[in-house]
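**Student:** The lines below spell out each chain.
Protein chains: 2
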Amino acid sequence: MIDIDKLRQADRRSLGRAITLLESSREDHRKEAELLLDQIMPYTGNALRIGITGVPGVGKSTFIDSLGRYLIEQGHRLAVLTVDPSSSVSGGSILGDKTRMSFLSTHDCAYIRPSPSGTTLGGVARRTREAILVCEAAGYDLVIVETVGVGQSETLVAEMTDIFLLLLLPGGGDELQGIKRGIMELADLVVVNKADSDMERTAKVSIADVKHALNLLKPRLANWQVPVLPASALHNQGIEEVWMAVMAYQELIVGNGVLQSRRKQQSVDWMWRETGDILLGQLSRDEGLIFLLDDLRQRVRDEKIAPSVAARYLAQQFLESRKSS
Amino acid sequence: MIDIDKLRQADRRSLGRAITLLESSREDHRKEAELLLDQIMPYTGNALRIGITGVPGVGKSTFIDSLGRYLIEQGHRLAVLTVDPSSSVSGGSILGDKTRMSFLSTHDCAYIRPSPSGTTLGGVARRTREAILVCEAAGYDLVIVETVGVGQSETLVAEMTDIFLLLLLPGGGDELQGIKRGIMELADLVVVNKADSDMERTAKVSIADVKHALNLLKPRLANWQVPVLPASALHNQGIEEVWMAVMAYQELIVGNGVLQSRRKQQSVDWMWRETGDILLGQLSRDEGLIFLLDDLRQRVRDEKIAPSVAARYLAQQFLESRKSS
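Residue numbers (this note's numbering), protein chains in the order written: chain D, 1 to 325; chain B, 1001 to 1325.
Watch out, some of these pointers could steer you wrong.
[As the list claims (entries may be wrong)] Listing some non-contacts, in silico: residues in chain D with all C-beta distances to chain B over 12 Å: (1) D5; (2) K6; (3) A10; (4) P42; (5) R69; (6) R77; (7) R100; (8) S102; (9) P114; (10) D141; (11) M244; (12) M247; (13) G255.
[Stated by the list, open to error] Here's a subset of chain D near chain B, in silico, CB distances under 8 Å, partners left out: (14) S267; (15) Q282; (16) A315; (17) K323.
[Claimed, not checked] Residues of chain D clear of chain B, computed beta-carbon distances all greater than 10 Å: (18) S24; (19) H29; (20) I72; (21) G75; (22) R113; (23) D198; (24) R201; (25) K211; (26) L214; (27) L221; (28) A222; (29) W243; (30) A248; (31) E320.
In short, the hints are calculated from the structure, not lab data. The structure displayed is predicted, hence computed values, not measured ones. Backbone N, C-alpha and C fix where the C-beta goes; we use that ideal spot for every residue, glycine too.
Please take these sequences and the hints and turn them into a complete structure.
**Tutor:** Here it is as structure tokens:
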């Protein structure tokens, strides 16, 4: 059992054990995890949830470390969670290493939790959504969810955060051709990192290009012109300006109610996705359907039956089987 | 009812009506669609399924038009389907316009079908998977599925095709920083388009950069070094070389059985995803759960209960309710 009082005092051991519990797929662990979630719900929702993405090499860790140092000096308490699909996509973990954030990893007011490896992206997403709640209950008033943005992870992170930061490297207009419109459309704030010394001029060009590209996009939020700011996390330059922009955005979405309505929508969407996963899990474990499932799977494999047709029959039989169960 | 014989003779009207039927969400249409799928299954699976993605401006349409002209001259029959999530993501359709492919759109041996707008990405994906089967039954031996690669669409397209082409623009090394590793990892073949006149040198640089980037990635398929080729669709340059590479890839995956095993896996995954969608649809239409659903939705919205906890209870009640139904 997790000691809620200790957890609420941000006791690291309780925090770690709680998140480990959320990551477990064991049935008894899951029940315990849901009990825990029920107990902490009253203490959740009080943090600003910040999503940060950027390709490998853009300097996410250094940026978060530098931003985090600034925020802790301002009296904030910061939790950093990572969604690292590379553990499922390309084998090795990109973000796993705590030591990438030398300041935060040693500071009492910061809690860093790497992504669990070897789970599906969906699994990582659920665990991260729940971990956000745990960190909020533990009194962290800022929760950063970072992702390297492989495949679909940045969409998932945008779906669980209040503001989404896109980190870019200084680069010519050609670079933008490579940035997927999808990502641009998710960004509430764009930061061109490593905008220092010899890259300053290039950075200026990138900023102009990004602003231009953003003008072509349907804005994600009315009355919000996505800021494109230069920064050098390594030299702690532009960090405060970035934070001012985040604050301005927070003020806007709190003021016009978008933060609350967006969170409500996120939660409902999450409930649906989760419900689907649970039903499929039950179906695949239904002993009465083992033979049917094997048969359909085989016929689908052999292209004897269209997957969508098999799916309808499978769903029907699953629901039928409950009557006699 | 669709006339299967006419469909198999690639009668355009039957083909169009068949795909429209697949796009309908009406229950009676769905039943008819599944009957159609059952009837055509024996005639499916004979085409090479080619996925093509690239950012807006890379020249996808011109490339497909140029490639298609070459293929038709070789005696092939070509169907082009588009997955255009922009219709759901950013409102307006990017790929909808047939006339982008001036040659193919007027040729008897080519069939172009734009993406249905106003549906979810998942809906577009299912319809496209089924449309591939219909085009195969109609005797097209090549099916190209193009997507602009917004959000998650390129992953979906990679999941329904045999070979995945990534189109890039000539650009410096910085450009690559913007290309998501996720996309690079999906690519079986990379084509740097618009590699003509004054861009030739830049294209050479890009090709070197892309090759370098690919070396950093875990190969998607053993014994296959992803080729990175220059092309100028506008001037019909490099098209044959691209096709030779596609052929080499097909020979490899047919020879080592990857094509078949990959298709089998794709079909099973598709069956699962579809089953989940169907069960959620039933649950949301279950009259006995209306009040519970509203209540849970409200409590999730108000952050009184964790979405994952609500999901488990909802799934339980749904399955319980079937017993008494």
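**Student:** Take the hints in turn and mark each one as holding or not.
**Tutor:** Hints, one by one, checked against the model:
no. : hint : verdict
1   : D5   : 20 Å, holds
2   : K6   : 20 Å, holds
3   : A10  : 20 Å, holds
4   : P42  : 9 Å, violated
5   : R69  : 25 Å, holds
6   : R77  : 20 Å, holds
7   : R100 : 17 Å, holds
8   : S102 : 24 Å, holds
9   : P114 : 18 Å, holds
10  : D141 : 16 Å, holds
11  : M244 : 26 Å, holds
12  : M247 : 23 Å, holds
13  : G255 : 20 Å, holds
14  : S267 : 5 Å, holds
15  : Q282 : 7 Å, holds
16  : A315 : 4 Å, holds
17  : K323 : 5 Å, holds
18  : S24  : 13 Å, holds
19  : H29  : 13 Å, holds
20  : I72  : 27 Å, holds
21  : G75  : 25 Å, holds
22  : R113 : 18 Å, holds
23  : D198 : 14 Å, holds
24  : R201 : 13 Å, holds
25  : K211 : 15 Å, holds
26  : L214 : 12 Å, holds
27  : L221 : 14 Å, holds
28  : A222 : 14 Å, holds
29  : W243 : 24 Å, holds
30  : A248 : 24 Å, holds
31  : E320 : 8 Å, violated
Violation of the numbered hints given earlier is confined to hints 4, 31; the remaining hints are satisfied by the structure.
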